[in-house]
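Heads up: the protein sequence lines correspond to chains G and Z, in order. With my numbering applied, the first sequence covers 24 to 277. With my numbering applied, the second sequence covers 756 to 822.
Don't read these hints as lab results, they were simulated from the structure. Hints may be right or wrong, so weigh each one.
[Unchecked claim] With beta-carbon atoms standing in for the labels, derived distance ranges:
no.	chain 1	residue 1	chain 2	residue 2	range
1	G	S250	Z	K772	52 to 60 Å
2	G	G168	Z	E795	22 to 30 Å
3	G	Q197	Z	A808	47 to 55 Å
4	G	V159	Z	E795	32 to 40 Å
5	Z	E795	G	E72	24 to 32 Å
6	G	D29	Z	P768	25 to 33 Å
Predicted, not measured: the structure shown is a model, and the values here were computed from it. Cβ coordinates follow ideal geometry from the N, Cα and C atoms, glycine included.
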Amino acid sequence: MLIIGDKKFNSRLLLGTGKYPDFETQKEAVNVSDTEILTFSVRRMNVFEPSQPNFLEKLDLQKYSLLPNTAGAKTAEEAVRTAKLAKASGLCDMVKVEVIGCDKTLLPDPIETLRATEELVKEGFTVLPYTSDDVVLARKLEEVGAHAIMPGASPIGSGQGIINPLNLSVIIEQANVPVIVDAGIGSPADAAMAMEMGAEGVLLNTAVSGAKDPIKMAEAMKLAVISGRLGYEAGRIGKKRYATASSPMEGISV
Amino acid sequence: MNLLVNGKRIQVPATVKTITDVKNHFNITNPVVIVEHNGEILDKAKHPEKEVADGDKIELVQFVGGG
Numbered sequence: 024m025l026i027i028g029d030k031k032f033n034s035r036l037l038l039g040t041g042k043y044p045d046f047e048t049q050k051e052a053v054n055v056s057d058t059e060i061l062t063f064s065v066r067r068m069n070v071f072e073p074s075q076p077n078f079l080e081k082l083d084l085q086k087y088s089l090l091p092n093t094a095g096a097k098t099a100e101e102a103v104r105t106a107k108l109a110k111a112s113g114l115c116d117m118v119k120v121e122v123i124g125c126d127k128t129l130l131p132d133p134i135e136t137l138r139a140t141e142e143l144v145k146e147g148f149t150v151l152p153y154t155s156d157d158v159v160l161a162r163k164l165e166e167v168g169a170h171a172i173m174p175g176a177s178p179i180g181s182g183q184g185i186i187n188p189l190n191l192s193v194i195i196e197q198a199n200v201p202v203i204v205d206a207g208i209g210s211p212a213d214a215a216m217a218m219e220m221g222a223e224g225v226l227l228n229t230a231v232s233g234a235k236d237p238i239k240m241a242e243a244m245k246l247a248v249i250s251g252r253l254g255y256e257a258g259r260i261g262k263k264r265y266a267t268a269s270s271p272m273e274g275i276s277v
Numbered sequence: 756m757n758l759l760v761n762g763k764r765i766q767v768p769a770t771v772k773t774i775t776d777v778k779n780h781f782n783i784t785n786p787v788v789i790v791e792h793n794g795e796i797l798d799k800a801k802h803p804e805k806e807v808a809d810g811d812k813i814e815l816v817q818f819v820g821g822g
């Protein structure tokens, strides 16, 4: 069971809602993923053009916990404002702090992320900061009250998988709150690896929405996360340099 | 009456008196619309009673897909 603040979840897969080819595909992908937490963004309504369907109208919101992100914010103040806007919907009190500090790599601004996390914790939000895979920053985020730590596996949307497993493993080892690997996951193997390393969850978007068959990939990710978690709990064998026979060496009939 | 809505200066008829009237003016059907009025984020329950005045700055935001 994944526990974030005072909330409990059976699924350890958090799914983003951006960039699906169409609403029907998205709805079905969300459905088969068995996710319980959906991320989304807060943006101005396009009130000056004829209304377009909104993805939230297609989903049964009662079934999901909504995790708004603060994407678009470049300062802690902007992130706090976006979080407050989202909360005013009355639909959520969790927030994914996302303060981007570099337009090219979309890597987070560590200082503003820390400031925003501290402020939002004080305001009573359940706060899940998206962070770079910095060990010290992860610890400081926890110290200011983050309810989960969400280090990126690699840059957002890059699909490069876990490029610094050493840092990630230390972040997981030291954390007393859930570590959810966010961003950069490309394949089910990446998601399973994150879970095998002891992550409590995986948050991904493009890996599903950008797949050739997003619905099938949503199911693959669901199974990968379950499989990786089971493997972590089961405890893998150690790696050896040479072979160890699986079959008995005695009683060979020749 | 002139309002600054989502960064654009617009004119609305005199019948528009409250935030709910502004939402209706734009035929907003999305149940999730969040309103910031002159920098103050409003609880949904306040929309029908919150009055608007000439020159007010209003932000109408919604949830969109994102990761």
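Q: For the range 52 to 60 Å, tell me whether the beta carbons of S250/G and K772/Z fit it or not.
A: Holds, since S250/G and K772/Z (Cβ atoms, about 58 Å apart) stay within the stated range.
Q. CB of Q197/G to CB of A808/Z, is that within 47 to 55 Å?
A. 53 Å, holds
Q. Between G168/G and E795/Z, is the Cβ distance one that fits in 22 to 30 Å?
A. 26 Å, holds
Q) Is the gap between the beta carbons of V159/G and E795/Z within 32 to 40 Å? A) 37 Å, holds
(Q) Does the beta carbon distance between E795/Z and E72/G stay inside 24 to 32 Å, or does it fall outside? (A) 27 Å, holds
Q. Do the Cβ positions of D29/G and P768/Z conform to the proposed distance bound of 25 to 33 Å?
A. 47 Å, violated
Checked against the numbered hints above, the structure violates only hint 6.
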